[in-house]
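Colleague: Line order of the protein sequences matches chains A and B.
Just so it is clear: in the first sequence, position 183 is 284 by the numbering used here, and no numbers are missing.
Just so it is clear: in the second sequence, position 102 is 226 by the numbering used here, and no numbers are missing.
Errors might be hidden in some of the hints.
[What the hints assert, rightly or not] One-sided excerpt, in silico: chain B residues whose CB lies under 7 angstroms from chain A: (1) R1070; (2) G1107; (3) I1108; (4) F1225; (5) L1245; (6) N1246.
[Claimed, not checked] Covered stretches of chain A, as calculated for chain B (at least 3 residues, CB under 8 angstroms): (7) 142-155; (8) 293-300; (9) 332-346.
Everything labelled a hint here was simulated from the structure, so no lab data went into it.
Backbone N, C-alpha and C define an ideal beta-carbon position, used for all residues, glycine too.
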Amino acid sequence: MDTQILEFVDFSRIPYALAVIAVAWVSNRFITRTLDDLGVRFTERRLLFKQITSFTRFVILIGAAALVAASVVRFSSEVLLAIGGSVAVAVGFAFKDLLASLMAGLILLLDRPFQVGDRVEFGGHYGEVLEIGLRTVRINTLDDNLISVPNSRFLTDAVSCANAGALEQMCVFEFWIGMDQDFDVAKEIAYDATASSNFVYLKRAIIVHLKEVTLPHQPLMAMKVTVKAYVFDGRFESAFGTDVHERVHRAFRAAGIASAAA
Amino acid sequence: MLLLWLAAAGAAPTPSDATRGELEQVVLPSLDARRASAEARAAALSGVFDGSRTLADAWPLRTQLDLFDRAVLAGLQRELDASARSREAERALSPALDDPDLLERHRATLAATLDAEEAAGRLDSRLIASRQAFLDRAPGLATAAWRDSLDRWQRALDAATAEGATEDAVAAGDAALAARSRLEDIRSAAWRGWLLADPTLLATAVDALPTTPDPDTAAVVLAVAPLLGDHPAVTASREALDRAAQARQDATLEEARRRLAGVTLPANVQLADLESAVERATAAVEAAPPEKRALAELELQIVKKRLDLATGKAAEDAAAAQQRADEARRAAEVLKAEAEREGQRSAISDQLLAFQTSVATVYEEEAQRRTAAEARLQQFRDRLGALTEAAAAARALGMLAPERPGRLDQAYLDTRALVRDLYDALEEARHTEEALLADARHRRTEADSISELPLPDDQAATLAKSRSDLEEAFASRGQRARADRDTLYAILHDARDLRRSLRTSASGTALTQARRDFVPELGRELAALPGQARSAGRSAAIWALGLPALLGDLSVLGALIVGSAELLVLAAIWVAARRQVPGFVERLAEAAQKGATFVVDGDIRRATDQAGELALRALDLAVGIVLYTRLSDGVVGVLVYLWILRGVVRAAPLVARASLSSPDDPHPSLRFVTNPTETLAVRSLRALAWWWALSRLAQLVSVELLDADRLRDLASMLSSAAFWSLLAVGVLAWGPLAVSTLARQPEHTGVARWAATPVGTGIFARIVALPRLVVALGIVGMQMALSVASRIVEGRSGLGWLQSALARTQIKRTEASEPIAVSTEVVQQLDALRREGMPRPEAEAQIVAAHAEWRESGRRGLVSLIGDRGSGKTRIVKRLPELLPEARLCETAVPSRITDPAAMVRWLAGVLGVEATDEASLVKALEDLPPTTLAIGNVERLFLRRVGGYRPLRSLVGIATATADRHFWVLAVHAPAWDYLTGIAARLNLDAFREHIRLEAASGPVLAAWLEGSLLESGWSMSYQELATTGLLGGDEVLAEKRARTAFWRLLSDAAGGTPENAAELLGRSLGAVGERALSVHPFEAPTSAEIEGVSDDLLFTLTALVQHAAATAEELAAALNRRPEATRTHAKNLVHLGIAEEERDRATYRIAPLWEPAVRRLLRQKHFLYGAS
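All chains should be built: construct the whole structure from the sequences, respecting the hints.
Modeller: Here is the structure:
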């Protein structure tokens, strides 16, 4: 049997296959590094370069694998028919999940429910998509944990994307003030704090909402001040929130506006 | 009993009771019997057709009828038709019954019975039709042809059976009976043989006849001669009839001789006369032809008899004897004439029979030819179908399948072979048609010769019928032959289509093979064209004839109406658009002349005329193209295509005339050229257009109309040759122009110098100089392309990086030596320029215009003046007294950052000299002031990026807005600050401004005009030689210096950020002294964003804040950045140490170093920290 299997391998083509693998690896590294550098230099195109990197990596890996298989393995149609049946089923079952993830990865790249660089929420995890790989999507959460999710999961479950390929993304900040507080001043403070933040993206409007709410777990009514604004680069999302909250609370204190739970 | 009787009597029988009983007991059984009878008859008739039953079985009641009599057959057919009609009527009848079951039974039985009778009736009709066809085939067997013989035989039979009949009469009766029997036997055998398609039956019956037939038997055999063919009995019968006719003739003559022997002549006849007469009669006998010899001998006997009587002194009555002799002679002549006629009649019958046989032969041959033709056509169709499937199967294979190319090639070569075979078949069909026409002529001649014979009436009628059948056969034959050829052309068309489609997939080897047969195939295509055209004409005629019927179809009519409606709408749009074109073109021309800088000035009316005509042609073309998309098929499509070609040919020269202007034709255009150049351009475009149109026309005609691929290939080759010829002619025509253009340019590279050598005027001189002309055209073309590209790039701000990149390649970046420092005068002059600032006439004009509009309207007197540091805002504000001499002016600038609205009010009130403590009071105070133009600089110091930091600015804008009807406000703002503030424009009510006047970045040429112009005006000269680069092939130094100068100012503008102040600074750093009032320009060093790419995000945020605020203290930065002041100060110091920022110690403010600002802003934009217009 082993001898028979060796008949289907063209050993004279192995050096060629190794060369293909080497070229693919070098190309992958080179392209990834070049695009990353470009992404650093042209920040507004950073996400685009990351997307190109993912797609290019996919193409290079699949193309190299196909070339290697086509050059090294020689199956005639009769052999394929002969071994196709049960072996194909067995291989198929063994690699079912891998193949499903591979196809799902291609679909993710083409269908683009999210892209590399986007902020997504999936399965209770929120973070930046670092990579869409052959098998998994790697997400870097805000507390710097790296989560790998099989590609096939994204085809069946809902995923929420915050910025859909753009550098800027919306952030929402909520403040609760007492019902008896000056909400006009509170709104003005909230707006000014957001507009004066280092991280705000002013090409998108800043929206401040006011709403009467009941605080959770407390029998207390409050005015909820909601601010919706865009951060100019998603990687500063947390810093944006911190900056706005600091400015707001500092200004609330100076203006004598008490929070709801005070 | 009485009661029972009464009860029975009361129940009177109803009509339905009687009908039900009749139906069940009479009608239904009779229907069943009829059905059985019809089925039996049908079975018997079917048996007749397959030979298992006789006609007597099928038609027991009709055997007594003469079924060889056409009239009887016609009568039988009429009976059958009548029966069919009565059956139809019977089907419609339905008894009046209220019993549904019985009704259903009656209906079913009736239907079955009528169906069975219908089937039997069809078989009857079929049998009658077969018999009639049989009689058509062998008309000699019909009863009409035997009427005389039948009567004769009947008389003989009657005489034989009469009382006292003699032995001779009985013998004659026997002979008649035998003849009649033979006739019936032969007829019966012939009929069965015909019905069962078995010729041996007739042949067997004929073989049973005597080998030396009597005339009656011979006549029977000749009657079936068309069915027998070359049977020996036919020849024997013909000879027997000839012998019988001869015997009758001989008998007649014998009778005449015998009568003559009893004739006596008078004695008083002169002997001498009689002897002479005998001599003459003897001579006549010797000279007489064989058929007349007997008569001549009779004459001789008569004369001899007379002589004998005369010498014998017979005493007879001469007159009576003469009369008897004359009577005998006349009788003999009559008998002879009868014999001759009998002979002629026999010969004519033979000829007529032969003619009828030939008519039948025509039918038979035509049937055979049809079968062969159909088989051949089907063969071609099958081959074409197989090839189409093979091609489809080959195409369906994967692109990487190894067998795909081979199969496609094979399909292509097989299709080519099929086309060749079709050509052969067409040629053969043409020959066949000609042969058929020749045959028809020959047979007509034969018929004409027979019709000239003295035919009796029945034979004349037979001949006429045969001629009519023959003409019908010829017409049908000719029609079918033409139809065969049309079908071949149709198959050829499909084969050519397949070949055409396979050609695109064929490999080079197959195409090379095909090219070898190009000439023969072209010849065959051309030879097939006339026939193809005729076939197409016939198809068109058939279509045209069928058009009325087609239009009767509502769906077709509906589609025609809808299509016509679309065409009508298109036509209406076209007519309306043509009317609007002149006005539209005029407006466009005026706008182009005003707006487009690349349009040469000229007489607008002439441009409008030419452009208008061009626009009309373009409109016609567009309509033609739209029409072609709807009507691309058939003759109409060809006509529309011709319309399009015509439009292109007529529009092409107009393009040249509209784009170019010349001294003889001055009008706004893209370029002004000399008269010869314009003429040459028009001719060139016209020639190109004609070439293109004729190429397309040749393709259209050869493929769409003539379906001739080789002709198309030939047309393509000719078109290609024509193109190259045109190109050569174009080079010869345009080359000298390019040479003279190069010659006029100051200095050239070596190649350019060679190409610029003058060319002789003769055609041969030009041909010899062709390479030079080509090179000259190439160089001039490249120069023009570079010029156009440069203009495009210059005109598009988004391509600024490309301009800079190009500029960097055009100057030398390294220097041979350090430049010599310039004199103090130059330094002072540059300083003065920097202080004065660059004039901004556009911005000043905008302010003046806004002021004028405010004075006129009395509303919204609020404008912003936005610009970078050093862009000239302050200069403009300081020039306001000059710009607005009649205005009451108040000019000030915000001294330092104000973060409190009340402080702002107090400051402004102090400037204006009014008392005010808040906004409202200041507004009121302002309203009491006379109308004033208030110019405030450094407005960016009225905001700080923090909570509440926008109030002072908002307050100022509010005050200005409230008093803008009375006063005219000019607020000068730092551009990056303004870009930031527009993000919160609604908060600051920036929409209240009438106008935002932006001082754009000054371009290289503008800065050059200001700085260089100023130095040149002061008597300095500037040289850019130190920057000039030269090419590998040598160079034009002047041109290189020009390029270097342009590139230098471009780069200077980039490095300075378009700011005049920075530009002056950089220029100062790049000048060197080279002599008395001579300056040289050297490369300058300016900060680049690459040098600070690696700074941290904290420093980037700090830089962003500094850019937005123009200048800020550490505390202000801390508030803006939401950091601790210590950290902010550290970052700011860092920036100072890096040289990026400057510190104003007296005010403890930090700002970005002017020369660093452009690089810093580029970096911040790259990093997305800045994203506005700054």
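Colleague: Could you run down the list of hints and mark each one as holding or not?
Modeller: Evaluation of the provided hints:
With a cut of 7 angstroms, the hint placing B/R1070 at the interface with chain A holds, because the nearest CB-to-CB distance is about 5 angstroms. A hinted interface residue such as B/G1107 counts as satisfied when its beta carbon comes closer than 7 angstroms to some beta carbon of chain A; here the least separation is about 3 angstroms, so the hint holds. Restraint check, B/I1108 versus chain A: the minimum CB separation of about 5 angstroms is within 7 angstroms; hint holds. With a cut of 7 angstroms, the hint placing B/F1225 at the interface with chain A holds, because the nearest CB-to-CB distance is about 5 angstroms.
Proximity of B/L1245 to chain A holds as hinted, the smallest CB-CB distance being about 6 angstroms (cut-off 7 angstroms). Because the closest C-beta pair between B/N1246 and chain A is about 5 angstroms apart, less than 7 angstroms, the hint holds. Beta-carbon proximity to chain B at under 8 angstroms applies to 4 residues in the stretch 142-155 of chain A; the threshold of 3 is reached and the given coverage holds. Coverage of the stretch 293-300 of chain A by chain B holds [criterion: at least 3 residues with CB-CB distance below 8 angstroms; count 6].
For the stretch 332-346 of chain A, the proposed coverage by chain B is satisfied: 3 residues have a C-beta within less than 8 angstroms of a C-beta in that chain, meeting the threshold of three.
Comparing the model with each numbered hint stated earlier shows that all of them hold.
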